[in-house]
Amino acid sequence: MAQQTMTVHLKVWRQSGSDSQGRFEQYTAEDLNPHMSFLEMLDVVNEDLIHAGEDPIAFDSDCREGICGTCGFVINGQAHGSERGTTVCQLHMRSFNDGDTIVIEPWRARSFPVIKDLVVDRDAFDRIISAGGYVSVGTGPKPDANSIKIGKDVSDKAFDSAACIGCGACVAACPNASASLFTGAKITQLALLPQGKPERTRRVQRMVHQMEDEGFGNCSNIGECEAVCPKEISIDNIAKMKREYLRAMLSDT
Amino acid sequence: MTKLDARMPDGPLQQKWEQRLEEMKLVAPNNKKKHDVIVVGTGLAGASAAATMGELGYSVKAFCIQDSPRRAHSIAAQGGINATKNYPNDGDSIWRLFYDTIKGGDFRSREGNVYRLAQVSNHIIDQAVAQGVPFAREYGGDLANRSFGGAQVSRTFYARGQTGQQLLLGAFQAMMRQVDRGKVKMYPRREMLDLVLVDGVARGIITRNLVTGEMERHAADAVVLCTGGYGRTYFLSTNAFNSNATAAWRCHKRGAYFANPCYVQIHPTCIPQSGDYQSKLTLMSESLRNDGRVWVPKDEADVDKPPHQIPESERDYYLERKYPAFGNLVPRDVASRNAKYMCDKGLGVGATGRAVYLDFRDAIEEQGRDVIEDKYGNLFHMYHKITDEDPYEVPMRIYPAVHYTMGGLWVDYELMSTIPGLFVAGEANFSDHGANRLGASALMQGLADGYFVIPFTVGNFIAEYDVQKVSTDHKAFDATEDDVQDQIERMMSIGKEGSRTVIEIYRDLGKIMYDQVGMSRTKEGLEQAREEIVGLREEFWNDVKIPGRADGYNKMLELAGRLADFLELSELMAIDASERDESCGGHFREEYQTDEGEALRRDDEFCYVAAWEYDEDGDPKMHKEELEFENVELSTRSYK
Amino acid sequence: MIPLKRALSSPVGRKFVMSISGIALVLFVIVHLLGNLTLYVPDGGETFNRYAAGFDAIGPALYVIELGLLAVIVIHIGWGITTALKNRKARPDDYAVSVNSKGGPSNLSLASKNMIVTGVALGIFLVVHIWHFRIRKIYVADNTEIDGQQHADLYALVHTAFSDPFWVAFYVGAMVFFGFHLRHGFWSTLQSLGAMKPEWSKGIYALGFLVAVVLTVGFMGIPLYIYFLA
Ligand SMILES: Cc1cc2nc3c(=O)[nH]c(=O)nc-3n(C[C@H](O)[C@H](O)[C@H](O)COP(=O)(O)OP(=O)(O)OC[C@H]3O[C@@H](n4cnc5c(N)ncnc54)[C@H](O)[C@@H]3O)c2cc1C
Ligand code: HEM
Ligand code: FES
Chain A
12 MAQQTMTVHL KVWRQSGSDS QGRFEQYTAE DLNPHMSFLE MLDVVNEDLI
62 HAGEDPIAFD SDCREGICGT CGFVINGQAH GSERGTTVCQ LHMRSFNDGD
112 TIVIEPWRAR SFPVIKDLVV DRDAFDRIIS AGGYVSVGTG PKPDANSIKI
162 GKDVSDKAFD SAACIGCGAC VAACPNASAS LFTGAKITQL ALLPQGKPER
212 TRRVQRMVHQ MEDEGFGNCS NIGECEAVCP KEISIDNIAK MKREYLRAML
262 SDT
Chain V
3 MTKLDARMPD GPLQQKWEQR LEEMKLVAPN NKKKHDVIVV GTGLAGASAA
53 ATMGELGYSV KAFCIQDSPR RAHSIAAQGG INATKNYPND GDSIWRLFYD
103 TIKGGDFRSR EGNVYRLAQV SNHIIDQAVA QGVPFAREYG GDLANRSFGG
153 AQVSRTFYAR GQTGQQLLLG AFQAMMRQVD RGKVKMYPRR EMLDLVLVDG
203 VARGIITRNL VTGEMERHAA DAVVLCTGGY GRTYFLSTNA FNSNATAAWR
253 CHKRGAYFAN PCYVQIHPTC IPQSGDYQSK LTLMSESLRN DGRVWVPKDE
303 ADVDKPPHQI PESERDYYLE RKYPAFGNLV PRDVASRNAK YMCDKGLGVG
353 ATGRAVYLDF RDAIEEQGRD VIEDKYGNLF HMYHKITDED PYEVPMRIYP
403 AVHYTMGGLW VDYELMSTIP GLFVAGEANF SDHGANRLGA SALMQGLADG
453 YFVIPFTVGN FIAEYDVQKV STDHKAFDAT EDDVQDQIER MMSIGKEGSR
503 TVIEIYRDLG KIMYDQVGMS RTKEGLEQAR EEIVGLREEF WNDVKIPGRA
553 DGYNKMLELA GRLADFLELS ELMAIDASER DESCGGHFRE EYQTDEGEAL
603 RRDDEFCYVA AWEYDEDGDP KMHKEELEFE NVELSTRSYK
Chain C
200 MIPLKRALSS PVGRKFVMSI SGIALVLFVI VHLLGNLTLY VPDGGETFNR
250 YAAGFDAIGP ALYVIELGLL AVIVIHIGWG ITTALKNRKA RPDDYAVSVN
300 SKGGPSNLSL ASKNMIVTGV ALGIFLVVHI WHFRIRKIYV ADNTEIDGQQ
350 HADLYALVHT AFSDPFWVAF YVGAMVFFGF HLRHGFWSTL QSLGAMKPEW
400 SKGIYALGFL VAVVLTVGFM GIPLYIYFLA
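Protein chains in written order, with my numbering: chain A, 12 to 264; chain V, 3 to 642; chain C, 200 to 429.
Hints in this document: simulated from the structure, not taken from any laboratory.
Hints may contain errors.
[Stated by the list, open to error] Each computed DSS-like pair below joins lysine-lysine, with the alpha-carbon atoms no more than 30 Å apart:
1. A:Lys-163 - V:Lys-87
2. V:Lys-642 - A:Lys-242
3. A:Lys-160 - C:Lys-396
4. A:Lys-168 - C:Lys-396
5. A:Lys-242 - C:Lys-288
6. A:Lys-168 - V:Lys-307
Work out the full structure, taking the sequences as your base and the hints as a guide.
Here it is in structure tokens:
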């Protein structure tokens with residue numbers, strides 16, 4: 012079968028380290044199979060760069076099927092590219108036109124310093140989780156799983172919040188670089204479930220304050236985060252976080 | 003020669019674990035914090051082990067390659083996790099899960115280990131629920147179950163198609179809680195490159211900081227390896243891009259035996275490769291085979307025709323034809339092998355000719371589109387997204403892909419390797435799945451090891467051996483770090499001049515492995531593969547091209563190091579496969595099949611675990627651990 | 200309990216402050232417009248002056264109310280500016296290709312992106328506006344007699360101002376900023392309080408547009424009406 016191939020022009024952010032100055036470099040990728048994923052296209056570009064004795068474009072990826080949250084950069088001003096509900100590893104070249112110019116930039120936020128090229132440091136997210144994104148139970152004998160009844164509706168809702176892959180697109184797309192969707196999703200999941208209720212006051216307080224201390228911006232209720240979220244997590248999670256916080260402000264304990 | 007001692011407790015199967023727990027020595031609570039434990043890997047096994055040991059009071063250091071422990075490959079598991087809760091009241095029991103696992107593994111696993119796995123399976127579900135893992139539920143609030151992978155009972159718990167993600171996040175969060183409490187120190191973006199032995203005991207590791215390129219030394223009283231499987235030896239697999247065997251292989255080179263390296267599971271329902279640029283393959287849940295019908299054109303001339311133009315009479319529903327009893331639901335290995343045969347015969351479809359159809363036309367006609375959408379909507383969506391073809395209209399194209407490795411570092415009942423102080427958990431060990439793993443049991447095993455076995459057996463080791471502190475200034479650390487440094491320098495110096503990229507060589511290795519050490523193997527092919535691997539290894543060490551520098555973020559250098567190890571491990575896989583003159587589970591030797599073309603096991607000669615000892619001169623030595631079956635009778639699988 | 204000081208500067212708490220002060224301002228603005236509608240009555244300003252004179256009847260309590268209002272404005276501005284500064288700091292290096300909305304649930308728009316710009320413009324407007332009518336009412340306005348009592352002839356003040364195309368343009372321009380501010384602000388204030396359900400979200404966002412248009416047109420109409428018709 013004859014395959015049609017395509018060519019795209021890339022403008023890629025290159026930055027050798029966190030302290031160095033970055034700049035855009037231009038590359039042309041030719042003879043691409045439209046069924047390639049975007050990352051595979053970059054793999055091909057990199058192979059050429061390596062053969063030419065140049066440094067390949069650094070980017071992170073792992074599962075390449077949209078679940079681990081490792082990949083992510085901004086394509087033409089859109090986190091994870093133009094398709095909704097998609098990570099960049101799930102984006103295919105067929106969603107571009109032959110001859111397109113594509114601008115690729117890393118997530119940009121003070122709390123996500125660039126490590127190299129398109130690779131950023133997202134440790135801040137893990138610190139937000141360690142501030143309270145868990146149920147404080149140890150390992151050991153537990154009551155039978157079915158002794159905690161949770162209606163399907165609640166459990167489905169909790170799942171919607173729990174689907175977050177921690178990729179950071181919400182921060183990247185937010186004009187304020189706010190991490191509210193990420194933080195709100197975990198707070199919401201655990202606030203909905205009976206297991207998470209005993210420590211909800213402490214949790215929301217610690218997680219929100221950690222988010223602030225990490226230097227993320229504040230939510231202006233713009234909702235671009237939801238639009239770019241590969242798991243389409245709703246900003247209702249942010250509203251829920253606010254209710255939880257208000258509750259914590261007013262609670263006695 | 004050391005005799006392999008599995009340290010299996012005596013006594014009846016049902017009491018072995020309890021009895022061992024009672025015998026174990028304990029570390030005094032206030033002494034625990036003086037004991038450092040290293041956990042390498044933060045998948046299900048590693049995260050759960052680190053969380054539990056941190057909580058018990060040990061000073062834990064945890065390491066992972068990814069930028070966050072939450073991204074370990076376990077995150078990608080879709081289908082579910084088994085447990086013998088018997089909530090659906092369909093007759094499940096610990097015994098049944100035990101028996102199914104032993105049989106599914108084609109009688110090549112240890113009874114004691116598997117029984118323990120079945121025993122703790124229920125605790126895993128209780129634990130996960132207590133952590134807030136949002137498993138699927140019924141309207142009344144109870145947990146939902148489904149049957150999976152041809153099991154006759156519904157014992158699989160799931161969280162939509164993201165069970166691995168939710169279980170891992172549960173374990174990850176438990177671990178992050180210990181990070182907050184200062185009990186676990188997390189080191190992300192670190193790759194373990196060697197194990198440090200002091201007087202023959204595992205006392206630390208050397209890691210490379212993947213951001214700065216710096217070498218780092220970490221000492222501990224015990225090292226727990228939870229670094230996952232080696233499916234990426236085949237380059238293309240359903241495993242994540244960074245999955246690797248480096249940590250396990252380097253431990254092997256330091257003396258840990260590698261068991262059953264030839265046992266690899268090849269999953270039948272994956273999205274086929276679309277071109278040479280392909281970097282990984284995507285798995286689709288095997289539940290699709292409940293309603294999809296597998297076929298290829300009868301005539302080679304039809305393979306390029308659009309499928310709807312091929313009339314019913316010209317289609318070969320080969321699984322239904324060959325296995326009338328099980329039809330499209332034959333086990334993974336059988337389905338995979340048959341797809342390969344069809345494609346080898348030139349009947350494969352799609353751009354590369356390496357795919358078979360999985361057709362839902364009849365199911366949609368009989369049950370209606372809505373029903374099918376309800377059952378498989380998300381899978382159809384995923385397929386559509388990747389291939390740009392609508393499976394409601396055109397049959398899916400599928401092809402088998404490497405998915406899971408049953409082999410791994412040899413461990414005893416307490417999950418300790420042949421190196422004292424080195425424990426191995428999760429997919430990285432060989433322990434529970436024999437020659438073939440059943441669906442939904444890897445998650446179970448990872449968490450069983452991490453939550454319920456390792457924390458006790460490591461404690462027992464620390465108490466029993468009375469380990470003394472070593473400092474990272476010890477000369478063993480100097481020597482090991484020098485070895486690692488030398489290898490990196492060697493690679494970088496060849497890499498400057500070389501002409502073939504890491505990926506090019508890696509793809510070649512993948513091809514050799516798929517062709518000769520894949521779904522169907524022959525002695526001749528395996529020997530040829532061995533030769534080719536040796537040649538490729540030479541090519542790597544003479545002509546590999548590696549860009550950039552060693553003192554910073556360098557993905558290709560990382561990958562080169564992993565490839566160097568795969569180039570050695572792959573040879574051992576070929577050797578092991580060629581030594582095992584029988585067919586069992588995922589290991590199919592064409593010379594050993596029944597008249598009907600089914601796997602022919604040879605229990606009289608091969609009912610053992612092959613544990614390989616490393617040899618610098620390329621002549622590894624096999625140690626046999628005979629498998630004794632006291633509780634089950636060896637039988638033959640039949641799906642006709 | 201969260202210490203109030205910490206809470207009110209936290210990312211969530213500071214939005215409570217913005218939101219509550221915002222609601223107060225919107226309520227005030229609605230009342231303000233309702234009163235000002237009397238300007239549309241074609242009676243040479245009698246109704247309007249009568250309405251304005253009503254404030255004098257409140258006596259010294261008026262100062263308390265005005266100071267309260269001022270405090271709300273100061274708080275809104277104070278929190279608004281610090282919030283915006285923090286947001287700016289959260290992304291020191293901006294994108295070369297600025298965020299290009301993916302649409303769907305996103306409310307990214309000129310209005311939502313520029314709350315601080317429209318807010319600062321409104322702040323400047325407020326200073327001018329207060330000087331223009333509130334301060335000048337005391338020091339500049341002539342007196343007029345209503346029911347035998349002397350009151351400032353506010354109508355004359357307004358009328359004179361809006362006979363000048365400069366002031367007409369100034370007020371109309373300011374109202375454009377006001378419209379944009381409310382277009383996002385109305386919805387935002389509910390979301391900030393967590394008083395939002397996903398099912399309502401689209402509806403309330405649309406309602407926000409309506410409220411913004413009605414208030415903006417209502418205010419904008421005054422200078423235009425006076426300039427062109429009265
Ligand atoms: C697509 C897919 C679907 C699956 N679905 C199911 C399912 O439905 N049910 C089921 O039971 N099983 C399933 N499996 C199998 C199961 O997911 C895995 O076997 C299991 O998750 C392995 O867990 P683990 O903890 O052993 O290792 P992993 O999760 O692979 O974790 C390995 C860890 O080790 C780290 N690591 C590796 N090397 C190094 C090194 N050198 N230095 C430092 N760190 C290192 C990694 O960073 C990572 O943290 C599936 C597998 C795949 C590929
Ligand atoms: C008549 C005057 C004003 C009214 C009616 C008004 C109303 C509102 C409302 C309702 C909100 C939404 C609150 C929220 O997001 O929770 C808001 C937000 C905001 N206001 Fe005002 N406002 C006025 C004046 C000002 C002024 C003078 C400033 C000056 C700085 C300002 C700055 C802001 C900012 C920056 C926000 C956005 C906060 C955010 O999105 O994070 N506003 N305003
Ligand atoms: S690489 Fe895992 S989400 Fe893209």
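Each hint tested on the structure:
Straight-line distance between C-alpha atoms of A:Lys-163 and V:Lys-87 comes to about 19 Å, which keeps the hinted pair within the 30 Å bound. Note on V:Lys-642 and A:Lys-242: the hinted pairing is violated, with a Cα-Cα distance of about 43 Å set against a maximum of 30 Å. This hinted pair checks out: A:Lys-160 and C:Lys-396 have alpha carbons roughly 25 Å apart, not beyond 30 Å. Taking the CA atoms of A:Lys-168 and C:Lys-396, the gap is near 13 Å; set against the 30 Å cutoff, the hint holds.
Among the hinted pairs, A:Lys-242 with C:Lys-288 is consistent with the structure: their alpha-carbon atoms are about 28 Å apart, no more than 30 Å. For the hint pairing A:Lys-168 with V:Lys-307, the CA-to-CA distance comes to about 45 Å; that exceeds 30 Å, so the pair is violated.
Going down the numbered hints, you'll see the structure goes against 2 and 6, while the others check out.
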